[in-house]
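S.K.: Each chain, written out:
2 protein chains.
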Amino acid sequence: MSDFKEKMNEYISFTEDNLRKYNAYSESMAAQKHLIEAMNYSLEAGGKRIRPVLVYAFCNALGCDYRKAAAPAAAMEMIHTFSLIHDDLPAMDNDDFRRGKPSCHKAFGEALAILAGDALCMLPFEVIADDKSLTADQKIRLVSCLAKGAGREGMGAGQVIDMENEERTDVDEANLRNMYHHKTGQLIAVSCMMGCICAGADEEKIRAAADYGFKLGLAFQIIDDILDVTSTTEELGKPVGSDEEENKTTFVTLYGVEKAQEIANDITEEALACLDIFGNDPFLVQLTEMLLKRKN
Amino acid sequence: MSDFKEKMNEYISFTEDNLRKYNAYSESMAAQKHLIEAMNYSLEAGGKRIRPVLVYAFCNALGCDYRKAAAPAAAMEMIHTFSLIHDDLPAMDNDDFRRGKPSCHKAFGEALAILAGDALCMLPFEVIADDKSLTADQKIRLVSCLAKGAGREGMGAGQVIDMENEERTDVDEANLRNMYHHKTGQLIAVSCMMGCICAGADEEKIRAAADYGFKLGLAFQIIDDILDVTSTTEELGKPVGSDEEENKTTFVTLYGVEKAQEIANDITEEALACLDIFGNDPFLVQLTEMLLKRKN
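Listed in order, the protein sequences are those of chains A and E.
The numbering of the first sequence is the numbering used here, which starts it at 53 and goes up by one.
The numbering of the second sequence is the numbering used here, which starts it at 53 and goes up by one.
Some hints here could point you the wrong way.
Remember, identical chains collapse to one label, so a pair may be satisfied in a single copy or spanning two.
To be verified - Calculated pairs, DSS-like style, for lysine-lysine (alpha carbon to alpha carbon, straight line, at most 25 Å):
(1) 85 / 300
(2) 311 / 120
(3) 85 / 158
(4) 73 / 311
(5) 345 / 311
(6) 85 / 200
(7) 100 / 73
(8) 184 / 200
Because the hints were derived from the structure by calculation, they are not lab data.
Note that this is a predicted model, so its numbers are computed, not measured.
Using the sequences and the accompanying hints, generate a full structural model.
M.R.: In structure tokens, the structure reads:
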């Protein structure tokens with residue numbers, strides 16, 4: 053196995069161990085057993101674990117033991133999972149499947165899915181606040197970044213733009229970029245910043261990590277747009293062609309597959325340039341390239 | 053105006069000013085204008101503001117300027133508001149009205165109501181983390197208390213117990229007490245603890261404040277049960293008799309109005325006893341009595 057793959061597997065397995073630990077069920081919680089089951093169902097549904105991997109990778113690139121970032125890394129995956137559970141709800145995107153499995157509300161009912169999402173909004177802050185290896189100042193900075201990145205100025209704004217775009221026929225590139233910046237870019241950028249904060253990095257590095265994250269998030273979304281027309285349902289784990297069916301404006305509907313791929317390549321190059329200050333850390337470089345070339 | 057009423061008005065108006073300030077809209081947020089409107093709609097819907105008042109009252113009872121607790125007090129009202137927005141959703145309690153006004157999803161649609169609730173989960177943590185008058189240690193303690201009180205071991209558990217009780221015919225007093233302890237008691241107890249934390253209180257006082265809060269929360273819920281059968285829709289601002297209609301088990305269905313009132317009186321006495329360590333602060337004593345004798 054390559055060094056990259058080995059490190060990747062180590063990060064993912066450390067994340068999954070921690071998610072299980074932080075959301076463990078104990079007998080004193082019998083009354084809320086189903087809530088914790090619903091939370092774990094969605095936390096265990098897999099996915100690429102990109103956000104925690106980025107937290108670790110930036111921490112590690114700065115010469116710090118990545119395990120110090122256990123709490124914020126798990127927190128990012130919880131917040132991401134919460135957003136997927138609520139996005140899939142009938143009143144939102146109304147998706148019955150997520151990563152090839154019934155979505156949370158299909159498996160547990162709508163009310164419990166809403167509550168599981170809500171509980172996954174709270175647990176990240178508890179996990180960060182109760183962590184023993186970070187200082188109070190670090191933890192407060194992490195809490196602030198996470199709340200802003202997921203809230204009304206971050207991901208929350210992206211979700212509203214996405215929702216309101218469904219009613220619009222005049223969505224242009226600027227709108228789309230703004231939506232992706234908020235909906236995907238914010239949590240990716242916060243993940244990168246968090247790794248730096250755990251490593252005690254200076255402001256210049258934290259800013260560079262955020263820049264990288266926003267660019268990576270944008271490229272990631274454009275590639276999602278491309279995969280929706282070029283992939284298969286099997287590869288993707290969800291129905292392809294859904295953007296066209298829903299009349300969604302994407303980089304592909306605006307520019308076609310080829311041009312969209314060029315744009316994604318250019319933005320990926322810009323993201324890679326942000327890694328200069330991190331000594332072009334080999335793991336981060338390979339991760340960036342892997343995400344650009346992904347098939348799902 | 054009595055000293056009590058004057059102080060009460062001061063606390064409520066300071067809370068409402070801060071809610072407006074913390075959720076202010078600026079032109080850079082044009083894309084998420086409707087999200088912020090939906091959040092403010094529910095934040096401004098009024099209510100008793102009991103949670104922020106308790107934060108201030110405990111801070112003040114310990115000889116500390118209550119304005120130091122501006123951030124956690126607003127945070128408690130935001131979390132409470134988020135829980136009401138999600139509770140009212142069609143998949144949850146399906147309530148079209150809240151405090152005499154259309155509920156958030158009736159006014160803004162279901163998707164935006166879900167997102168407004170979600171954003172009101174994040175803003176409290178941002179507001180606490182970015183506060184300038186508390187220490188990092190105080191802020192981390194506040195974040196931890198809030199996340200636990202609202203999450204899977206706190207209010208979240210209470211909501212699941214409440215939901216699952218709808219399917220049960222064997223709800224007894226122990227179950228009901230457990231549900232009220234989590235669903236209402238937790239956030240009330242956290243409010244009382246927060247006031248103490250802001251004032252730099254010792255652990256003994258923080259524990260006494262939590263005890264008081266749990267008892268007050270339980271008495272508060274039992275009185276809710278009573279008002280549902282003895283009040284009018286006008287006084288209550290929501291339909292009366294809904295517990296019976298929904299076949300809900302309450303202290304009234306278990307014991308009748310008179311016995312339920314006795315239980316509420318006894319628990320209120322126990323709550324008052326917890327105030328001993330706070331020198332039986334007159335404002336807190338009057339607040340407790342006011343809540344016991346309330347008509348809505």
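S.K.: Taking 25 Å as the upper bound on the Cα-Cα distance, should residue 85 and residue 158 be classified as within, between, both, or neither?
M.R.: within (18 Å within a copy, 31 Å between copies)
S.K.: Reference check for the pair residue 100 and residue 73, CA-CA at most 25 Å: within, between, both, or neither?
M.R.: within (19 Å within a copy, 39 Å between copies)
S.K.: I want to check one pair: residue 311 and residue 120. Are their C-alpha atoms no more than 25 Å apart within a copy, between two copies, both, or neither?
M.R.: This pair counts as neither: shortest intra-copy Cα distance 41 Å, inter-copy 55 Å.
S.K.: Can you tell me if residue 85 and residue 300 fall within 25 Å by alpha carbon in one copy, between copies, both or neither?
M.R.: So residue 85 and residue 300 pass the 25 Å test across copies only (22 Å; inside, 39 Å).
S.K.: Can you tell me if residue 184 and residue 200 fall within 25 Å by alpha carbon in one copy, between copies, both or neither?
M.R.: both (23 Å within a copy, 17 Å between copies)
S.K.: For residue 85 and residue 200, with the copy left unspecified, which applies at a CA distance of at most 25 Å: within, between, both, or neither?
M.R.: Only across copies: residue 85 and residue 200 sit 16 Å apart there, 30 Å inside one copy, limit 25 Å.
S.K.: Using 25 Å as the alpha-carbon threshold, which applies to residue 73 and residue 311: within, between, both, or neither?
M.R.: Neither. Shortest intra-copy (44 Å) and inter-copy (44 Å) distances fail the 25 Å Cα cut-off.
S.K.: First find the shortest C-alpha distance between residue 345 and residue 311 inside one copy, then the shortest across copies, and answer within, between, both or neither for a cut-off of 25 Å.
M.R.: within (15 Å within a copy, 69 Å between copies)
Violation of the numbered hints given earlier is confined to hints 2, 4; the remaining hints are satisfied by the structure.
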